[in-house]
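Trainee: Chains as they are written, first to last, in the numbering used here: chain A, 1 to 214; chain B, 1 to 209.
Quick caveat, the hints were computed from the structure, so don't treat them as lab data. Some hints here could point you the wrong way.
Negatives, chain A to chain B, calculated, CB over 10 angstroms [claimed, not checked]:
#1 LEU10
#2 TYR35
#3 GLU40
#4 SER63
#5 THR77
#6 ASP86
#7 ARG94
#8 HIS112
#9 MET114
#10 GLN122
#11 SER127
#12 LEU130
#13 ASP138
#14 PHE150
#15 SER168
#16 THR175
Chain B side only, calculated, beta carbon under 7 angstroms to chain A, not exhaustive [what the hints assert, rightly or not]:
#17 LEU90
#18 ASN111
#19 LEU115
#20 GLN160
#21 ASP161
#22 LEU162
These figures come from a predicted structure and were not determined experimentally. Virtual Cβ for every residue (Gly too), placed ideally from N, Cα, C.
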Amino acid sequence: MKELNRTTRLVIAAIAAILFLTIGYLTMYRPNLVYKLKPEEIASKACNPVRLMSPEVLKSIISQKDSKTVIVDVRNTDEFSKGHLDKAVNIPVRNLLDRKNIDKIKELSKSHTMIVFYGNDQLQASSPCLILQQLGVDNVKILQGGYSFFTHPPADSLYKGQAAPYFSEVPRIDTSVLKKSTPASSETGKNAKDNKKPEVLKPVKKAGGAGGGC
Amino acid sequence: MNKQYLLLSAILILAGIGLMLTPKKSAVKELNPEQLLLAVDDPSRFLSTDLITERIIKKDPSLLLIDVRPAEQYKVFSLQGAVNIPLSLLFSEEAKTLLGQEGKEKVFFSNDDILADQAWQICKRIKMNDIFVMKGGVNFWFNTIMKDNPPNVTDDSKAQDLYTFRKAARQYFMGNTNQSQGNSSESEGKKEGVNVVKKTTSKSSGGGC
């Protein structure tokens with residue numbers, strides 16, 4: 001009798017344990033959104049020119065009647081109501097990952113429909129797009145120059161002989177300014193920079209010491 | 001031997017094996033996508049070029065400027081005291097030691113602010129602290145500080161002050177390179193931007209003597 005009691009107790013305990021585990025597993029916290037890319041992977045993918053769309057291309061897409069491309073305005077609702085591109089839908093940045101929005105984006109991603117994001121400038125759209133890329137959404141494009149450029153492009157004459165004004169991350173510095181004022185310093189500057197160390201501009205430290213009168 | 005003990009130990013061993021088989025969780029704690037989106041939506045990470053300039057001139061020891069552009073562009077021109085970590089090398093060992101420094105405010109910059117902001121976002125995701133982005137990047141910095149853009153006479157005093165500051169800063173950066181030719185530093189300082197240059201000289205003399 002005693003023996004039997006023990007085995008039944010053991011069985012009950014075992015069932016309880018299994019129940020406990022299954023309930024725990026079923027109610028386990030599963031995040032809705034999971035990164036598909038590791039930080040290391042996204043570092044090599046960031047700022048890919050494939051992700052960019054020029055204003056001219058977007059203009060032609062908007063003028064097409066049966067274009068499937070979805071245009072998303074990430075500015076806030078106030079700005080959107082004041083004026084936006086034709087056919088654009090408004091998803092402010094902070095609502096981008098709301099359940100219904102992200103579900104819609106994922107759906108479009110599955111059907112390989114292109115989504116073009118734009119903000120006031122390119123930066124405003126590029127940061128949320130990088131998050132989407134990390135979540136595995138790969139059909140996104142960013143409008144170069146953003147809304148402000150699209151509606152008010154600056155005069156071409158301002159950028160004579162340089163890359164088209166909406167291209168970002170292009171060096172637009174006139175290093176001749178440096179060389180003109182300091183013809184001899186360009187060499188010393190280069191030598192210092194070849195070291196690739198924090199002390200890029202060595203002359204500064206020397207100069208400081210001399211000024212102090214030591 | 002007691003049967004129950006055998007059973008219990010078997011359960012323990014099975015559970016142990018089960019634990020061994022569970023997928024490895026990444027060691028680095030990360031912000032989840034929703035938190036990252038909120039961080040991205042917050043503009044407080046952006047620092048102005050003028051603020052950075054001021055801190056460079058004052059030789060702020062807590063400032064760590066990180067140039068995320070490719071090495072070739074870094075060699076042509078970069079901000080004073082900046083270190084180069086191209087975005088593709090963000091996870092190299094050297095970069096890790098540089099970025100891991102405590103008590104330093106790491107400011108990312110690139111030609112504009114897009115590449116820098118992406119570097120920021122990746123670092124933010126792995127919960128790095130004290131990171132910022134220089135708004136406008138090298139292009140804006142260079143074209144406002146190294147080039148003369150006098151304000152209109154009708155502009156308010158703020159614009160005039162800003163112009164004076166930028167002019168003084170230009171003198172500082174140009175003046176320093178001039179000194180390598182043998183110009184005396186004091187005459188440079190007296191010409192313009194007196195307060196700016198004086199501050200740095202007094203600081204360095206205090207440390208050196």
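Trainee: Look at each hint and say if it fits the structure.
Mentor: Structure-based check of each hint:
Distance to chain B contradicts A/LEU10 as a non-interface residue, since its nearest Cβ pair spans about 7 angstroms, not more than 10 angstroms. Residue-level check failed: A/TYR35 sits 7 angstroms from the nearest beta carbon of chain B, not beyond 10 angstroms. Listed as a non-interface residue, A/GLU40 fails to keep its Cβ farther than 10 angstroms from every Cβ of chain B; the least gap is roughly 5 angstroms. The beta carbon of A/SER63 sits about 27 angstroms from the closest Cβ of chain B, which is more than 10 angstroms, so the claim that it is off the interface holds.
Against chain B, the non-interface label of A/THR77 holds: every CB pair exceeds 10 angstroms, the least being about 14 angstroms. No Cβ of chain B comes within 10 angstroms of the Cβ of A/ASP86; the nearest lies about 25 angstroms off, and the non-interface call holds. A Cβ of chain B approaches the Cβ of A/ARG94 within 10 angstroms, the least distance being about 5 angstroms, so the stated non-interface status is violated. At roughly 22 angstroms from the closest C-beta of chain B, the C-beta of A/HIS112 stays outside 10 angstroms, upholding its exclusion from the interface.
Every CB of chain B lies more than 10 angstroms from the CB of A/MET114, the least distance being 20 angstroms, so the non-interface label holds. The beta carbon of A/GLN122 sits about 6 angstroms from the closest Cβ of chain B, which is not more than 10 angstroms, so the claim that it is off the interface is violated. The beta carbon of A/SER127 sits about 4 angstroms from the closest Cβ of chain B, which is not more than 10 angstroms, so the claim that it is off the interface is violated. In this structure A/LEU130 is not separated from chain B by more than 10 angstroms, as the shortest Cβ-Cβ distance comes to only about 6 angstroms.
Annotated as non-interface, A/ASP138 keeps its C-beta farther than 10 angstroms from every C-beta of chain B; the closest such distance is 15 angstroms. In this structure A/PHE150 is separated from chain B by more than 10 angstroms, as the shortest Cβ-Cβ distance comes to about 17 angstroms. Residue placement check: A/SER168 does not keep its beta carbon more than 10 angstroms from all beta carbons of chain B (closest about 4 angstroms). At the 10 angstroms boundary, the C-beta of A/THR175 falls inside the reach of chain B, the nearest C-beta of that chain being 5 angstroms off.
Hint status for B/LEU90 relative to chain A: holds, with the closest Cβ pair at about 5 angstroms, below 7 angstroms. The interface hint given for B/ASN111 is met, as the beta carbon of that residue sits about 5 angstroms from the closest beta carbon of chain A, less than 7 angstroms. Annotation: interface hint on B/LEU115 holds; nearest CB of chain A at approximately 5 angstroms, less than 7 angstroms. Because the closest C-beta pair between B/GLN160 and chain A is about 23 angstroms apart, greater than 7 angstroms, the hint is violated.
With a least beta-carbon distance of about 23 angstroms to chain A, the hint placing B/ASP161 at the interface is violated under the 7 angstroms criterion. Taking 7 angstroms as the C-beta contact cut-off toward chain A, the hint placing B/LEU162 at the interface is violated, the least distance being around 19 angstroms.
Figure legend: structure checked against the earlier numbered hints; hints not met, in rising order: 1, 2, 3, 7, 10, 11, 12, 15, 16, 20, 21 and 22.
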